[in-house]
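Asks: Single-letter residue listing:
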Amino acid sequence: MRLKKNIATSESGFIFHPGTGDSFSANPIGADILLQLKEGVAPSDIKKTILDKYDVTANMVEKDWDDFSAQLREANLLEL
Amino acid sequence: MDQDIEPIVIAVTGLNAIDSPGPGVAVIRALRDGLPKNIRIIGLAYETLEPGIYLHDVVDKTYQIPYPSAGSDALLARLKYIHQQEKINVIIPNFDAELHNFIKVSPALKALGIQTFLPTQQQLDARDKINLFQFTAMHGLMAPMDKIIYSADELYGCAEIMGYPLVVKGKFYDAIIANTFEQAQKAFFKLTAKWGFPIIVQQFIAGTEINIAVLGDGKGNATSIIPMRKLYITDKGKAWAGITLEDESLINIATTFVKATKWKGGCELEIMRTADGRAFFMEINPRFPAWIYLTAGAGQNQPAALVKMAMGEAIQPYTDYAVGKMFIRYAWDHITDVTEFQQISGLGEL
Chain A
6 MRLKKNIATS ESGFIFHPGT GDSFSANPIG ADILLQLKEG VAPSDIKKTI LDKYDVTANM
66 VEKDWDDFSA QLREANLLEL
Chain B
11 MDQDIEPIVI AVTGLNAIDS PGPGVAVIRA LRDGLPKNIR IIGLAYETLE PGIYLHDVVD
71 KTYQIPYPSA GSDALLARLK YIHQQEKINV IIPNFDAELH NFIKVSPALK ALGIQTFLPT
131 QQQLDARDKI NLFQFTAMHG LMAPMDKIIY SADELYGCAE IMGYPLVVKG KFYDAIIANT
191 FEQAQKAFFK LTAKWGFPII VQQFIAGTEI NIAVLGDGKG NATSIIPMRK LYITDKGKAW
251 AGITLEDESL INIATTFVKA TKWKGGCELE IMRTADGRAF FMEINPRFPA WIYLTAGAGQ
311 NQPAALVKMA MGEAIQPYTD YAVGKMFIRY AWDHITDVTE FQQISGLGEL
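Sequences listed follow chains A and B, in order.
Using the numbering used here, you'd call the opening residue of the first sequence number 6 and step up by one each time.
Using the numbering used here, you'd call the opening residue of the second sequence number 11 and step up by one each time.
In case anyone wonders, no lab produced these hints; they're calculated from the structure.
It is possible that some hints are incorrect.
[Unchecked claim] Derived pair list, reagent style SDA-like, types lysine to any residue, alpha-carbon separation capped at 25 Å:
id : chain 1 : residue 1 : chain 2 : residue 2
1  : B       : K335      : A       : F19
2  : B       : K97       : B       : E359
3  : A       : K9        : B       : S259
4  : B       : K240      : A       : G18
5  : B       : K318      : B       : V68
Just chain A, same shape as in the assembly (with noise of 0.2 Å):
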């Protein structure tokens, strides 16, 4: 999973896409992975991050990446 080089976000979890014009808001834990993803970092790195952090099991990790990253597919912030 792969943003868009030109998508910009912030810490704050509000991401821009500058060539549609829009923009969504992100909750921290987004924001977060945003910023990762945005730094190159590798999603099994980000599922891994958040299992140490979060009293979270790794099912659910993988359920609520997989929403997330429809979320962000369908509001064309992926590179296909």
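Knowing the structure of chain A, use the given hints to seat chain B on it.
Replies: Below, chain B without anything else, positioned relative to chain A:
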């Protein structure tokens, strides 16, 4: 020092900064941002309640001019009078309906020392909404299928070809989306009553509305291109907020348009981009749009560049602009006195 230099006197129309605004006030704001401080702005107004007339920090002096229907001779006579008072350097007309007359009188204006930077009558006619489909097809661009009609009965044939919804458009302004024959018929009569014949019936295209402000140098080069997506649209279809976009395909479309037409002056390309990324030309407006001040905000001050080009300065095409630059329009109650209204109404000057 700016004060020591003879002021550049620029006359501007379209001072109707109302809910369906003319571009004049936005053009002037851009001029005041991008040109020396001692420019003098002359407003040219048709109606006595055009807000720009009363905004004295925007417009230095306003003169009423005759309606376009009075013809080009009446316009020229009035402009000659105003020129005697003001020594105008450049005129920027901002209404579709007045352009024909301004283009017609532009050689006479030039002889008086007044510069314009306008498309030719041929360019103006070619992009007319009546010719849009043919025009875009000729240049490898896309526009919705359309049909020019003179009778409401012809709507049946349009619906058979295009299906519903379809868009019923007036000759100059206004567009109504019709989902049934009855709605289309009602729109036909409403628009013919307002704008006359013909009526343009256009295939409905679903997508995202994008507008592009363009300044062409008249030699096939686009001096400036700024694409903007409407973020908030009024019930009259006007952008009340918008944001600049980064999209090479939009820049390419505008470049193709300018190259094909050798467009001279400002214009606005109204584009509908479908979910699968196709860009349809909905209209080509032959003047700056009301949101033109955003081009100054984004780093390509189109009105200021137009004035410089009109006065013979060579302007290198802009390449960069700020993406994500937004405008949010606002309404503001300006307080004035009846004496001002009386003066513009009685004397035609303020």
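Asks: If a hint holds in the structure, say so; if it doesn't, say that too.
Replies: A quick look at each hint next to the structure:
| no. | hint | in the structure |
| --- | --- | --- |
| 1 | K335(B) / F19(A) | 15 Å, holds |
| 2 | K97(B) / E359(B) | 16 Å, holds |
| 3 | K9(A) / S259(B) | 16 Å, holds |
| 4 | K240(B) / G18(A) | 23 Å, holds |
| 5 | K318(B) / V68(B) | 20 Å, holds |
When the structure is compared with the earlier hints, no violation turns up for any of them.
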